[in-house]
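Line by line, the protein sequences give chains A and B.
Each step along the first sequence adds one to the number in our numbering, with nothing skipped, and position 120 is 276.
Each step along the second sequence adds one to the number in our numbering, with nothing skipped, and position 96 is 252.
Watch out, some of these pointers could steer you wrong.
Between beta-carbon pairs, the in silico distance windows are [as the list claims (entries may be wrong)]:
#1 A/Met182 - B/Gln186: 42 to 50 Å
#2 A/Gln276 - B/Glu228: 32 to 40 Å
#3 B/Leu248 - A/Ala279: 26 to 34 Å
#4 B/Gly207 - A/Asp251: 36 to 44 Å
#5 A/Ala184 - B/Pro225: 16 to 24 Å
#6 B/Glu228 - A/Ala179: 39 to 47 Å
#7 B/Phe168 - A/Gly201: 26 to 34 Å
To give an idea of the interface, some chain B residues facing chain A are shown, with a C-beta separation under 10 Å as derived from the structure [what the hints assert, rightly or not]:
#8 Ala176
#9 Asp181
#10 Ala190
#11 Pro200
#12 Thr203
#13 Pro225
#14 Leu236
#15 Thr244
#16 Tyr246
#17 Gly250
#18 Ile252
#19 His271
Worth flagging that the hints you see were computed from the coordinates, not collected in a lab.
All residues carry an ideal CB built from backbone N, CA and C; glycine is no exception.
2 protein chains.
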Amino acid sequence: VTLERDRNAVLFANEAFYIAFRARDMTAMQALWAQRAPIACSHPGWTTLNGRQDVLESWRGILANPQSPAVEMRQARVLLLGDAAIVTCYELIGDIVLAASNVFVREDAEWRLVHHHSSQAAALPDSEPESSGTTSVQ
Amino acid sequence: VTLERDRNAVLFANEAFYIAFRARDMTAMQALWAQRAPIACSHPGWTTLNGRQDVLESWRGILANPQSPAVEMRQARVLLLGDAAIVTCYELIGDIVLAASNVFVREDAEWRLVHHHSSQAAALPDSEPESSGTTSVQ
Chain A
157 VTLERDRNAV LFANEAFYIA FRARDMTAMQ ALWAQRAPIA CSHPGWTTLN GRQDVLESWR
217 GILANPQSPA VEMRQARVLL LGDAAIVTCY ELIGDIVLAA SNVFVREDAE WRLVHHHSSQ
277 AAALPDSEPE SSGTTSVQ
Chain B
157 VTLERDRNAV LFANEAFYIA FRARDMTAMQ ALWAQRAPIA CSHPGWTTLN GRQDVLESWR
217 GILANPQSPA VEMRQARVLL LGDAAIVTCY ELIGDIVLAA SNVFVREDAE WRLVHHHSSQ
277 AAALPDSEPE SSGTTSVQ
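Bound conformation, chain A alone (with noise of 0.2 Å):
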């Protein structure tokens, strides 16, 4: 029951990630990222970025920017680590395919990103049903 509540929550904070990232809303994305754990951030192609402030810049930017394009999320699988879990998806923009990795803490009772890595990819997989995809730490 535990580790189904756990899927679910990061599950629930990986899609919330996405919805700010369309919704261009800063404030969430703001709050979405952890406050102590450290962070970081590999944007596709970009070098890596480290730390709160630049990494919040740049999605300050991203969001802020009318031609960024609307990401779609797709086949979501979680990676269950105890207090740290693992979201491999993929990100739709238009039909070019991003293999995105997001890596997620428990902070104050949620999960908070602490790291996205996005890349591109040859194409979507055949999708599979959402639950075969979750695997977790015995």
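Given the structure of chain A, go ahead and fit chain B onto it with the hints provided.
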């Protein structure tokens, strides 16, 4: 002292991964990945692989292929997250620069890999002393 020990152990595990990669040592590679925690891997441009069988099969193919390039690792930075840790670093393959995210968990008192995501980056950033790159949960 404990954080410093964890940081060094994580950097060591990350280096061991690239040493196994360069040495095409599948036995070492297999031992580096978590035994019980769920694992995943996003090779550059591929779709994300999930589970020990698919992930290790991909590495078996890469290490067995004489055309596989020699990878050099640069600028490792550790994000300590308790019993999990992320290393962000760069991989050099000739003139190509890749940004990598490697996620580790503590398993049997060792840091073992649970996720590797590598993708092409614009360029290697100006080098910084490795010690300045380490941050951790307070």
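Here is what the structure says about each hint:
no., hint, verdict
1, A/Met182 - B/Gln186: 42 to 50 Å, "holds, 44 Å"
2, A/Gln276 - B/Glu228: 32 to 40 Å, "violated, 23 Å"
3, B/Leu248 - A/Ala279: 26 to 34 Å, "holds, 27 Å"
4, B/Gly207 - A/Asp251: 36 to 44 Å, "violated, 28 Å"
5, A/Ala184 - B/Pro225: 16 to 24 Å, "violated, 41 Å"
6, B/Glu228 - A/Ala179: 39 to 47 Å, "holds, 41 Å"
7, B/Phe168 - A/Gly201: 26 to 34 Å, "holds, 30 Å"
8, Ala176, "violated, 21 Å"
9, Asp181, "violated, 25 Å"
10, Ala190, "holds, 9 Å"
11, Pro200, "holds, 7 Å"
12, Thr203, "holds, 5 Å"
13, Pro225, "violated, 18 Å"
14, Leu236, "holds, 7 Å"
15, Thr244, "holds, 5 Å"
16, Tyr246, "holds, 8 Å"
17, Gly250, "violated, 18 Å"
18, Ile252, "violated, 12 Å"
19, His271, "holds, 5 Å"
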